[in-house]
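Use these hints to put chain B onto chain A, whose structure you have.
Heads up: the protein sequence lines correspond to chains A and B, in order.
Counted from 1, the first sequence has number 314 at position 314 by my numbering; the numbering is strictly sequential.
Take any residue in the second sequence, note its place counting from 1, add 1000, and you have its number in my numbering.
Please keep in mind that the hints were generated in silico from the structure rather than gathered at the bench.
According to the in silico footprint, chain B covers these stretches of chain A (three or more CB under 8 Å from chain B):
| # | region |
| --- | --- |
| 1 | 29-40 |
| 2 | 176-185 |
DSS-like, lysine-lysine: derived pairs with alpha carbons at most 27 Å apart:
| # | chain 1 | residue 1 | chain 2 | residue 2 |
| --- | --- | --- | --- | --- |
| 3 | A | Lys344 | A | Lys3 |
| 4 | A | Lys344 | A | Lys5 |
| 5 | A | Lys343 | A | Lys5 |
| 6 | A | Lys183 | B | Lys1131 |
| 7 | A | Lys186 | A | Lys165 |
| 8 | A | Lys165 | B | Lys1131 |
| 9 | B | Lys1240 | B | Lys1182 |
| 10 | A | Lys183 | A | Lys165 |
| 11 | B | Lys1182 | A | Lys165 |
| 12 | B | Lys1240 | B | Lys1156 |
| 13 | A | Lys172 | A | Lys186 |
| 14 | A | Lys40 | B | Lys1131 |
| 15 | B | Lys1182 | A | Lys172 |
| 16 | A | Lys343 | A | Lys3 |
| 17 | B | Lys1315 | B | Lys1282 |
| 18 | A | Lys183 | A | Lys172 |
| 19 | B | Lys1131 | A | Lys186 |
| 20 | A | Lys40 | A | Lys183 |
| 21 | B | Lys1182 | B | Lys1156 |
| 22 | A | Lys217 | A | Lys3 |
| 23 | A | Lys172 | B | Lys1131 |
| 24 | B | Lys1182 | A | Lys166 |
| 25 | B | Lys1182 | B | Lys1160 |
| 26 | B | Lys1131 | B | Lys1182 |
Glycine included, C-beta positions come from ideal geometry on N, C-alpha and C.
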Amino acid sequence: MTKAKRNRLIYNCVTFAVVILAFLVLQNMIANKTITRALKGQLVPICCWIVMAVSLNLVIGISGELSLGHAGFMSVGAFTGAVVSGWLLNSFGMENETLRLVLAIIGGGLIAGIAGVIIGVPVLRLRGDYLAIVTLAFGEIIRNLVNVTYIGVADGRLVFSFLNKKMPDGVKMLVDGASGAVKVAKISTFTMGFALVLVTLVVVLNLVNSRSGRAIKAIRDNRIAAESMGVPVTKYKMMAFVTAAVLAGMAGALYGLNSSTVVPSQFTFNQSINVLVFVVLGGLGNVLGSVISATLLTVLPEVLRAFADYRMLVYAIVLILVMIFTNNPTIRSFVDRLTAPVKKLFHGKGADKGGARA
Amino acid sequence: MKKFLALALALALCLTSVAAMADAVTLSVAHIGPTTGPAALYGLATLHGAEIAVEEINAAGEFQITLINEDDEHNVEKTVNAYNAAMDAGAQVILGTTTSKPCEAVSAVAAEERVFMVTPSASSPAVIEDKDNIFQICFTDPNQGLASAEYIVSHKLGEKVFVIYNNADVYSIGIRDTFIAKAAELGLEVVGEEVFNDETTDFTVQVAAAQNAGADLVFLPIYYTPASLILQVAASREYKPVFFGVDGMDGILSIEGFDTSLAEGVMLLTPFVATSEDEAVKSFVTKYEAAYGETPIQFAADAYDGIYTIVEACKAAGVTSGMAPEEVCEALIAVMPNLTVNGLTGTMTWDASGAVSKTPMAAVIENGVYVIDVE
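So here's chain A without its partners, still in its complex pose (with noise of 0.2 Å):
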């Protein structure tokens, strides 16, 4: 084994042992009533955060490209989730929760995934910063798309209107324009946020590590090379694009399908820009890094709860700390020295951070 994939070897490990050990400390803690209301309200918020901050990461740190509309395909799936969800209930009489969620998730993951290669074949031709400009369109025309979107089910059927709500008698109403997905039943599971997690993890892991990763890496480190190679350019960037559009799906049907209530204006462009501080502040490229930083930047503002009107004040001063420190060369140098011995574990001597950047 050579000492580069050694180290791959290490830093999947690492991140699986993490997500799984926090998995079952928390179900301990579920088990043992010790967990408080507010962090048992949050574990499945934190798996959806996850789930969108490392597959934004495949976009942007792995493929290079900048997108702002992740919270778009968020949004499609979260609707389309809800939809599925209540047709399975209403028209089929599906009761059993956990195969409806599995199967919301796999219909919102569809659906973004087919809006993400809708954008992506045009715009992933482009040269230059053309995804950022069209992705963030694409998060405000899906937030104007879904206020005007009309969706019920009526004896057994899917009934869809559009600009005007026009529903025959006695539909029950499942997505209502700009009041959004209307009293949705709540089955969202942590289990299945992890599971989601766990998915997550796998696709983008093996993906990152495969033929066709080596090959979306090389066009972001430098284009003109891997085209002189031969690699098909806009193929892999579509890879990288779709894959994390997916995900973005299946993290907003679980979201979608963990509140009674979504709107359409909770997957603004702000929201996006969250996401985006999730995957920099854990660092581009680096999944444990941006599955960290997204269960820390959503815990963070409700244990700052003590602070009152000043938490988004501290929470913004927190990021600049968190920036500060993680590229100051003192502190890193530290660290390394910390960590030193744990690799020397695995190495031998002449650890380094080859892992860091996967």
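Positioned in the frame of chain A, the structure of chain B alone reads:
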């Protein structure tokens, strides 16, 4: 000797106040609303209104209320976090949430976990639908339509009514639908309707249609910003019907750069008018202005009434200190349908669904201030 006497007196005072405290029922009420972010105006108003009510009640002594405040940033995800944080902090009853969409999310959780909730200002019907433990202080959106139609008919404000509404806004559509239905029932003639959406900035078409239809009353179930534009167009066309708005019209006088003389004679359905001569309202407004340096809006009054409603219900149900939220909830649900509360926003009763019924009040704008419309 004097010193001793003073000491003894002080001690006696302490003892009696301790005794009073011991008798008092302690209750933890959590206020959930956006105290930061874009909707902070409303969240702060409900928080301040609630604070004044709590102060009065604690001073009266029968109840000792601890008010917990959790910020929800008008965000559906954060609001559930805020609810959980409040419950962790020992809340027994929830006053909130201030805004409709977050309230739909929280009320679903509260209904499941059996926590009694009174919302001062979340007006969407979905907040109380299928939930027996959620009660509203404000009218639901559809009820505002009913109340407006009834008010217009009973006060003979107009005979030919024209409606201009926003067909991209749930709030506006909800009120319009029930208004039209009720108007038909009461024999009020609706001579026409025009719609607009959030992007509309020119209302010439809508106003001209109303004018051509010969309407003597224009019903505007919309927010104050488009309403101000409609008033400007009407003024330029020298069209002077009665303009009748609902609670979304509250705020029209505070638009920057708006000529408030255009709003003279505009009527709006509102439960609370700060200039009212009512003793309770006067006292509330004085306290509020002294404490926060601004005139209270109807949200503050709604929250003030919300706290009093909770306390009155607790009195009626005989709630004692240290009851679990579930016990309090069941006890309060039982008494709510029989409860009558005299609040700042009117005399309120509730049916089992959680919707409030109170006499609608209308204010008319005169010389740049709201005045209660009296015959």
